[in-house]
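Order-wise, the sequence lines are chains D and S.
Under the working numbering, think of the first position of the first sequence as 307, with each following residue one higher.
Under the working numbering, think of the first position of the second sequence as 506, with each following residue one higher.
Since the hints were derived computationally from the structure, they do not count as laboratory data.
Not one of these hints is a red herring.
Cross-link-like lysine to any residue pairs, in silico, SDA-like; alpha carbons within 20 Å at most: (1) D:328 to S:588; (2) S:541 to S:575; (3) S:516 to D:592; (4) S:551 to D:429; (5) D:509 to D:443; (6) D:433 to S:528.
Pulled from the structure, derived: some chain S residues nowhere near chain D, Cβ distances all over 12 Å: (7) 618; (8) 632; (9) 651.
A virtual CB, placed ideally from N, CA and C, is assigned to each residue, including glycine.
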Amino acid sequence: MKNSNFETLLEDLRISFRFAWKNVISYVLAMIGVLIVAGILMVIMAAVIIVPVILVWGLEPMIQFFVSLGQNWSVLQGAEMFSLIVFLAIPLFGPFLVALGALFGMAREIVESDGTTAEGVFVWYRKKFLSLAGGGVVLFLVSLMPIALMSIWAFTVTGSWMLGLPMAAVAAFAVVWLVMTTGMLSMLFPGIIDGLSVLGAVKQSVRLTRQYFDRVFGTWLSYIAVFIIFSALTVVMIPLGVIAGLALVFLALPAMTIGLTRVYLILTDNASAAETTEDEGPGVRIVGGV
Amino acid sequence: MTEPARVEPMKDLEVVTDSNVIRVLLEPVRSDIVFKYLVNGSMTVKQLADALGKNPGTILHHIEALKKAGLVVQERTQLTSTGIVQRYYRATAREFRLGISEMIQANGGIARFARDRFRSMISSLSVYGMDIPESEAEQATLLLRNLIERENAVSSKIQVLDAESYNRLPPSVRGDVSRIMRRFALEEDPQYRDLREKWHDFLRSHRTGGMKNE
Numbered sequence: 307m308k309n310s311n312f313e314t315l316l317e318d319l320r321i322s323f324r325f326a327w328k329n330v331i332s333y334v335l336a337m338i339g340v341l342i343v344a345g346i347l348m349v350i351m352a353a354v355i356i357v358p359v360i361l362v363w364g365l366e367p368m369i370q371f372f373v374s375l376g377q378n379w380s381v382l383q384g385a386e387m388f389s390l391i392v393f394l395a396i397p398l399f400g401p402f403l404v405a406l407g408a409l410f411g412m413a414r415e416i417v418e419s420d421g422t423t424a425e426g427v428f429v430w431y432r433k434k435f436l437s438l439a440g441g442g443v444v445l446f447l448v449s450l451m452p453i454a455l456m457s458i459w460a461f462t463v464t465g466s467w468m469l470g471l472p473m474a475a476v477a478a479f480a481v482v483w484l485v486m487t488t489g490m491l492s493m494l495f496p497g498i499i500d501g502l503s504v505l506g507a508v509k510q511s512v513r514l515t516r517q518y519f520d521r522v523f524g525t526w527l528s529y530i531a532v533f534i535i536f537s538a539l540t541v542v543m544i545p546l547g548v549i550a551g552l553a554l555v556f557l558a559l560p561a562m563t564i565g566l567t568r569v570y571l572i573l574t575d576n577a578s579a580a581e582t583t584e585d586e587g588p589g590v591r592i593v594g595g596v
Numbered sequence: 506m507t508e509p510a511r512v513e514p515m516k517d518l519e520v521v522t523d524s525n526v527i528r529v530l531l532e533p534v535r536s537d538i539v540f541k542y543l544v545n546g547s548m549t550v551k552q553l554a555d556a557l558g559k560n561p562g563t564i565l566h567h568i569e570a571l572k573k574a575g576l577v578v579q580e581r582t583q584l585t586s587t588g589i590v591q592r593y594y595r596a597t598a599r600e601f602r603l604g605i606s607e608m609i610q611a612n613g614g615i616a617r618f619a620r621d622r623f624r625s626m627i628s629s630l631s632v633y634g635m636d637i638p639e640s641e642a643e644q645a646t647l648l649l650r651n652l653i654e655r656e657n658a659v660s661s662k663i664q665v666l667d668a669e670s671y672n673r674l675p676p677s678v679r680g681d682v683s684r685i686m687r688r689f690a691l692e693e694d695p696q697y698r699d700l701r702e703k704w705h706d707f708l709r710s711h712r713t714g715g716m717k718n719e
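Whole structure, please, built from the sequences with the hints as guidance.
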């Protein structure tokens, strides 16, 4: 049940898409709702950062700061650049990463009890906000930040964007890094939804990946393949590609959350339950309460 | 690397002394989940949701809170033919008792709940012919509280010397031997016997009828 082969992967895909289709209306409503909330939160976050700056320093110095930042971007040192990206990107994209994490909450309800509701996503969003945001930050720092930093470093060293072979090498490294790290952390959000801390969920995800590499990576790669197919259809089949695009967002993405959650639940089954002997008879007690 | 936690067999008795855990148990839906269902055996989120007439998502959140409080554990996982991965949950003990002192010392609602429960128990003894006047309710509460606290303290200190064999016992046998030992341990404890005697003396002095077995 825990190991993988081609049939298992196909079965995982089939079941996850069936559940995603069955709950498509809940997912569409939930995703629209949660994106609105995430957008509002992003505006609030931006306001919380920008308004005090304007009040303290005024609008003019802030405009000058961003203009000079643009002018001096190429001479910024690695540490400065890292801090700046983290400072700007995490608060702004945090709400969206939490929204993605909250979809795993819906997936958990579906996988464990065969049903979910659109409003359920808001409960997960609210209850797990900090943990999911933490998970999003980890994902961002581990998977995306090194690629962004490497691209910026390459741009800074060469003075221009790379072309030809160096570019191909960097792109290939970026793809491999992205697939490997996101695959290794693919059990992160299901773990957080299961009540683990961010660190606990990271450890759990890495442990499951090491222990059941074929199942975790097989599942992850199969969803990447699905995303590539849907994306290609979206681009190639204009104007019908709109349908493929909608299916990518409202069917393939939920199916991925369902599939990964399902694999998580299967892999975290407590196989080492303590050995007990069942009652031979009807299990009636003879001795009364004290 | 952490391995999946080994699921320990159900304890026969657990005295809950952490006020945060007591607070978790006093929430009505969580209390129903534990006391009505999961102390009697394992159930899935869907089964609990159907039994309680609640949304499975709501039950899942309650289960998570109960797991975090150490009152419920995931026992096993079952894959259904439709692809659902059902997790079975059960209580960590067959019987939970709430620590009286901790409840009395807790903030707000819990302390009030404990005081009201004792008052209600004392006045309800009248149905057995124990007529305790309001002026002596405080004394009765104190006697009963001390007795229950001692009973909990003694019962929770009983050591199982061969845990492996104990864990392998069928649940009903484990329950029976546990009760025999709890009763024996209580009888062996002089402080418990003294408190019990005081409580029984108090009851005898307020008996107005019934109880002809002495």
